[in-house]
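There are 2 protein chains.
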Amino acid sequence: MPLLVMKFGGTSVATVDRIARASKRVAREVANGYDVIVVVSAMAGKTNELVGWVEETSPLYDAREYDAVVASGEIVTAGLMALRLQEMDIPARSWQGWQVPVKTTSAHSTARIEEIGTDAINQKFKEGFKVAVVAGFQGISPEGRVTTLGRGGSDTTAVAFAAAFGAERCDIYTDVDGVYTTDPRIEDKARKLDKIAFEEMLELASLGAKVLQTRSVELAMRYKVKLRVLSSFEEYDPNAGTLVCDEEEIVEQNAVSGVAYSRDEAKMTLISVADRPGIASAIFTPLSEAGVNVDMIVQNISEEGRTDMTFSCPTNQVKRAEEALSKAKDAGAINYREVVCDTDVAKVSVVGIGMRSHAGIAAKMFSVLAREGINIKVITTSEIKISVLIDRKYMELAVQSLHDAFELHKA
Amino acid sequence: MPLLVMKFGGTSVATVDRIARASKRVAREVANGYDVIVVVSAMAGKTNELVGWVEETSPLYDAREYDAVVASGEIVTAGLMALRLQEMDIPARSWQGWQVPVKTTSAHSTARIEEIGTDAINQKFKEGFKVAVVAGFQGISPEGRVTTLGRGGSDTTAVAFAAAFGAERCDIYTDVDGVYTTDPRIEDKARKLDKIAFEEMLELASLGAKVLQTRSVELAMRYKVKLRVLSSFEEYDPNAGTLVCDEEEIVEQNAVSGVAYSRDEAKMTLISVADRPGIASAIFTPLSEAGVNVDMIVQNISEEGRTDMTFSCPTNQVKRAEEALSKAKDAGAINYREVVCDTDVAKVSVVGIGMRSHAGIAAKMFSVLAREGINIKVITTSEIKISVLIDRKYMELAVQSLHDAFELHKA
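Going down the list, the sequences are from chains A and B.
Its first residue numbered -16, the first sequence is counted upward by one per residue in our numbering.
Its first residue numbered -16, the second sequence is counted upward by one per residue in our numbering.
Bound-form chain A, shown alone (with noise of 0.2 Å):
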């Protein structure tokens, strides 16, 4: 029996109504031949209570703990949406984290799924059960603790079944109908994808456009489990949605596909840094073992020895950069003039495998932004993305003139 995954998100099982209308959609797919492993998150908003009440019980509160009632809300879907299935006549059960058992490491609140036991589930497929549910989001660590796998963890869950199921397709429905060219509400000509690649998803994922967990991205690519993106509020139709897949399945190629940005940026620079070999190293070592997410690097050229070097961060790490800056100077392994931060800048990004074959589309974008007056900060590359910071208030421009240019707004 061909095996599908399908994922709903917590606005897509926010109530009782709404729980009964995704099951209508399982009952469709059942109907077409499929057995079905639904992923469920916690109901809309339920996280965020549950969250509430532990920090407001424990602001440093004990991950174990954390992960043992924030854990819960998904239990309480699975279980409705395997009651849902049952009064539809489809034969449905509902499983927890430990009793599939979906095996975790330790690390509490960002655990990583190690092994997803198959044959509990298999077996009452055997048995003539259509429907899994299984409670997002949660599994299993080596001593027995309820673990979860992180915000938009539920995600990932529904990627490693289909992964460890070889299921024919992976269905994450969202409050959104598919992954566009650039975020619809910057530039109203934002288009939606029929495809787009693994790499191009997960560009687009780790640079803010949240509609999947980066995690889950990644292990859809390295188990090539074909993901689609697709709205649980719209008309049926096979068609719907954003098919994230591999690249070779995609035979039409713009250069660009999309236009991502980043608010959430900061830009800081260490003046006059001794200019020795191992200086990045002992920059960047303390900062990493701070838990600072350094992303874009750039060092001036040397003069007399001394350079500046300057990155980008989340802003909410600036300060916890700057602690570890300073230590690091206190302790004699670096030595710098000052530190100097600005948190007024945004990242813009154009996305696209094309652009491995298509050259001169740095140069594009660089004149594109210059034609509108923008001064770029700081710039990054990689074989598939080009990264400008800039000031934050000429974010929406670069993005408009983006998308206008590299016209993605065509299919």
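Hints are computed from structural coordinates only; laboratory data are not their basis.
Hints may contain errors.
For identical chains, the list gives no copy identity; a pair is met inside one copy or between any two copies.
To be verified - Straight-line alpha carbon distances no greater than 30 Å define the calculated BS3-like cross-link-like pairs of lysine-lysine that follow:
1. K86 / K207
2. K113 / K86
3. K109 / K393
4. K7 / K393
5. K376 / K175
6. K175 / K393
7. K109 / K86
8. K178 / K310
9. K347 / K172
10. K7 / K107
11. K86 / K107
12. K178 / K29
13. K7 / K29
14. K310 / K207
15. K376 / K347
Using the hints provided, position chain B relative to the given structure of chain A.
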């Protein structure tokens, strides 16, 4: 290290603040030198919310899914209380039913505890943990599904843990400050009892004094677990509440300890039943099979080979009883002219282990009721209880008169 079990009901853990207050009580017992097993209910209202969603989703729900959903409420409270205790520097962790494990029968929603694993929790106590916070009301079936023990089941969880771990005492914190000689809402001279025997508590619990789940009292009696019922809303007092204990520990004993009542009773009479050996069995076997809880039974004197058979049962089981009787009649198993049903009745009982050594309690009870002009419809007696069925409109009068006549307001 001496061990205490402390159980907190839903109103005692209704909010984060109340969980903090309950945690202070736990901390005090830890300071007194105890290791503590805390058993918690769901936050007040949460279980009803979950049950509501289940019934809305599937009116004839699968009890296995019901259990999975409803048991999640206790998981939340257990985690939050463990966090709160940690915040007070008390080494604590939460335990879900399957983690302990609390092994139960497969009778979902009314499961019985068969075995409690003590190794894992004892190991933690050895490692220096002071408190194990256990999610009440739940267990795990032989099939590995989550089970629940029925409404009020956390009381039973608490007593079962006290028995399994050999606790010095099991304190049940609730929203009343103990067990009273009768319902203070009916008789304002009702007096709190310092001690009450297991047998008496059992009669009171099953007669509708809803302080403790009946099953928990049975279990406490069998395993000689000292139970204390006390309020979580009053100042700390080591002698607070009511101790439910072996009768040998009760020195001064009145003939009558309390007056109980139950509004929820119906009287059914089968008119003109053929009086032959085996007729009682022929009537009550089908009723039992239909799930009717028959309480009192009276058979009239037989005349010309025919008799009237009267019994009482809960009001909401009358329809089920009528159907079972009619089916048995149609099948030729029994024969009667008609069934007369009276749903305007109530049961009033006097309870006391002192009855065993005091003669004339029944006679006194009947004369008190006669003096008030209250007609007795059915009588049953046990070694420590006399119950009468009367018109419901006289119920409060009967309770007050009996409380007064047996001088229950005096210690």
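Tested hints:
no. : hint        : in the structure
1   : K86 / K207  : within (21 Å within a copy, 41 Å between copies)
2   : K113 / K86  : both (24 Å within a copy, 29 Å between copies)
3   : K109 / K393 : neither (47 Å within a copy, 69 Å between copies)
4   : K7 / K393   : neither (34 Å within a copy, 65 Å between copies)
5   : K376 / K175 : within (26 Å within a copy, 72 Å between copies)
6   : K175 / K393 : within (10 Å within a copy, 81 Å between copies)
7   : K109 / K86  : both (23 Å within a copy, 27 Å between copies)
8   : K178 / K310 : neither (47 Å within a copy, 65 Å between copies)
9   : K347 / K172 : within (20 Å within a copy, 91 Å between copies)
10  : K7 / K107   : within (21 Å within a copy, 46 Å between copies)
11  : K86 / K107  : both (20 Å within a copy, 23 Å between copies)
12  : K178 / K29  : neither (33 Å within a copy, 43 Å between copies)
13  : K7 / K29    : both (23 Å within a copy, 27 Å between copies)
14  : K310 / K207 : neither (44 Å within a copy, 63 Å between copies)
15  : K376 / K347 : within (21 Å within a copy, 91 Å between copies)
Consistency note: the structure conflicts with the earlier hints numbered 3, 4, 8, 12 and 14.
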